[in-house]
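Asker: Please work from the sequences and hints to get the whole structure.
Protein chains: 2
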Amino acid sequence: MYLSKYIEDLVHEFSKLPGVGRKTAFRYALHCLNSKKEVVVSLSNTLKGLHENIRFCRQCNAPNDNDICEICVSRTRNQNVICVVESYKDLIAIESTNQYFGVYHILGGIISPIEGIGPDMLSIDLLITRVSELINAEVIMALNPTIEGDTTIYYISNLMKNSNVKITTISRGVAFGGELDYTDELTLSRSIQSRQPYDQLINK
Amino acid sequence: MYLSKYIEDLVHEFSKLPGVGRKTAFRYALHCLNSKKEVVVSLSNTLKGLHENIRFCRQCNAPNDNDICEICVSRTRNQNVICVVESYKDLIAIESTNQYFGVYHILGGIISPIEGIGPDMLSIDLLITRVSELINAEVIMALNPTIEGDTTIYYISNLMKNSNVKITTISRGVAFGGELDYTDELTLSRSIQSRQPYDQLINK
Chain U
323 MYLSKYIEDL VHEFSKLPGV GRKTAFRYAL HCLNSKKEVV VSLSNTLKGL HENIRFCRQC
383 NAPNDNDICE ICVSRTRNQN VICVVESYKD LIAIESTNQY FGVYHILGGI ISPIEGIGPD
443 MLSIDLLITR VSELINAEVI MALNPTIEGD TTIYYISNLM KNSNVKITTI SRGVAFGGEL
503 DYTDELTLSR SIQSRQPYDQ LINK
Chain G
323 MYLSKYIEDL VHEFSKLPGV GRKTAFRYAL HCLNSKKEVV VSLSNTLKGL HENIRFCRQC
383 NAPNDNDICE ICVSRTRNQN VICVVESYKD LIAIESTNQY FGVYHILGGI ISPIEGIGPD
443 MLSIDLLITR VSELINAEVI MALNPTIEGD TTIYYISNLM KNSNVKITTI SRGVAFGGEL
503 DYTDELTLSR SIQSRQPYDQ LINK
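Protein sequence lines, in the order shown, are assigned to chains U and G. Heads up: the first sequence at position 150 corresponds to 472 in the numbering used here, and the numbers run straight through without jumps. Heads up: the second sequence at position 204 corresponds to 526 in the numbering used here, and the numbers run straight through without jumps.
In short, the hints are calculated from the structure, not lab data. Hints are supplied without guarantee of correctness; some may be wrong.
Straight-line alpha carbon distances no greater than 27 Å define the calculated DSS-like cross-link-like pairs of lysine-lysine that follow [stated by the list, open to error]: (1) G:338 <-> U:359; (2) U:358 <-> G:483; (3) G:345 <-> G:359.
Answerer: Structure, rendered in structure tokens:
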């Protein structure tokens with residue numbers, strides 16, 4: 323269809339990217355064809371170098387350029403507060419709020435019997451070891467508010483119940499700017515159950 | 323922000339693609355990070371090989387894998403009918419209709435004084451030479467219906483006026499499935515001016 327095997331191949335490769343269909347992939351391929359060779363080679367080299375150069379923090383599993391990431395070595399971060407997230411994507415989402423000054427722990431997934439993901443496939447042992455070495459630690463469970471997320475929180479908190487650690491979860495409720503009549507029943511009922519004193523809200 | 327220079331670089335490279343912002347670029351980069359190394363290397367190699375391997379048809383300028391493209395050498399194609407298009411993208415659009423059985427000529431742009439594109443920067447000489455070698459040729463001008471497109475058609479048809487060639491343009495009018503009250507005045511007025519006998523329409 324594209325007259326050239328090389329364009330065909332590139333369209334095929336681009337359409338493996340998430341949310342990219344053949345039309346968008348062809349648009350990307352055309353852009354590459356019309357760009358200077360150096361621009362395309364630069365993208366090519368960056369892609370090739372990714373897996374060769376990336377390393378994962380031995381403490382929190384975050385992808386970074388060293389043996390241990392800059393958040394885990396930072397002196398301005400509270401090393402006693404660990405925010406447990408499912409993936410790196412969630413870490414970036416929390417970092418971009420600029421409101422969190424503790425450290426992280428990336429589980430690498432959540433417990434999901436349907437998808438065949440058991441606790442042994444996640445970085446839970448490392449988390450337990452980390453926490454056991456701390457005094458007065460707080461573990462913030464920042465997992466997606468789903469059945470799987472709740473199961474994972476329950477599992478981990480059970481393992482930690484004998485250690486002297488404070489376990490919290492990020493608050494759930496109606497999103498800021500959201501509308502009550504469009505909020506699902508479960509969220510709304512939980513949001514009423516976990517209501518907070520007004521003065522606590524405004525003091526934050 | 324991304325803890326890793328390599329992820330940062332990849333996001334930067336991906337965001338050069340058309341219509342890709344930082345958020346989508348990060349999504350692509352994450353996908354690459356979570357994919358197997360071979361998948362990413364495959365994309366990398368395809369990109370690298372593009373400019374090295376691609377060739378342009380010496381007759382019609384279409385990007386392909388040989389000295390001359392498969393449309394230009396095809397015996398099932400009418401070599402006396404040349405469809406003039408602005409770019410390869412338009413060739414693909416016409417090919418995907420499966421209704422055209424002539425050959426193509428890619429100009430590589432259209433005359434646009436605002437963007438500084440003059441006739442000498444386009445593949446017009448090659449087209450004139452091609453046409454002069456044919457007997458009873460037809461040249462179909464399939465350029466975008468804009469001022470620049472019309473200027474280019476006017477310029478090329480002027481150069482050909484002494485040769486024995488039939489020059490046509492693709493018909494313009496109301497798009498199939500379109501609504502009259504949403505059609506702009508210029509299109510609608512042209513569409514009335516170039517009205518066709520009804521029996522000619524149904525015989526097609």
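Asker: Please go over all the hints and tell whether each is borne out by the structure.
Answerer: So, going through the hints one by one against the coordinates:
1. For the proposed pair residue 338 (chain G) and residue 359 (chain U), the alpha carbon gap of about 14 Å is at most 27 Å, so the pair holds.
2. The straight-line distance between the Cα atoms of residue 358 (chain U) and residue 483 (chain G) is roughly 37 Å, outside the 27 Å bound, and the hint therefore fails.
3. With a C-alpha separation of about 22 Å, the suggested pairing of residue 345 (chain G) with residue 359 (chain G) holds against the 27 Å cut-off.
When the structure is compared with the earlier hints, a violation turns up for hint 2 alone.
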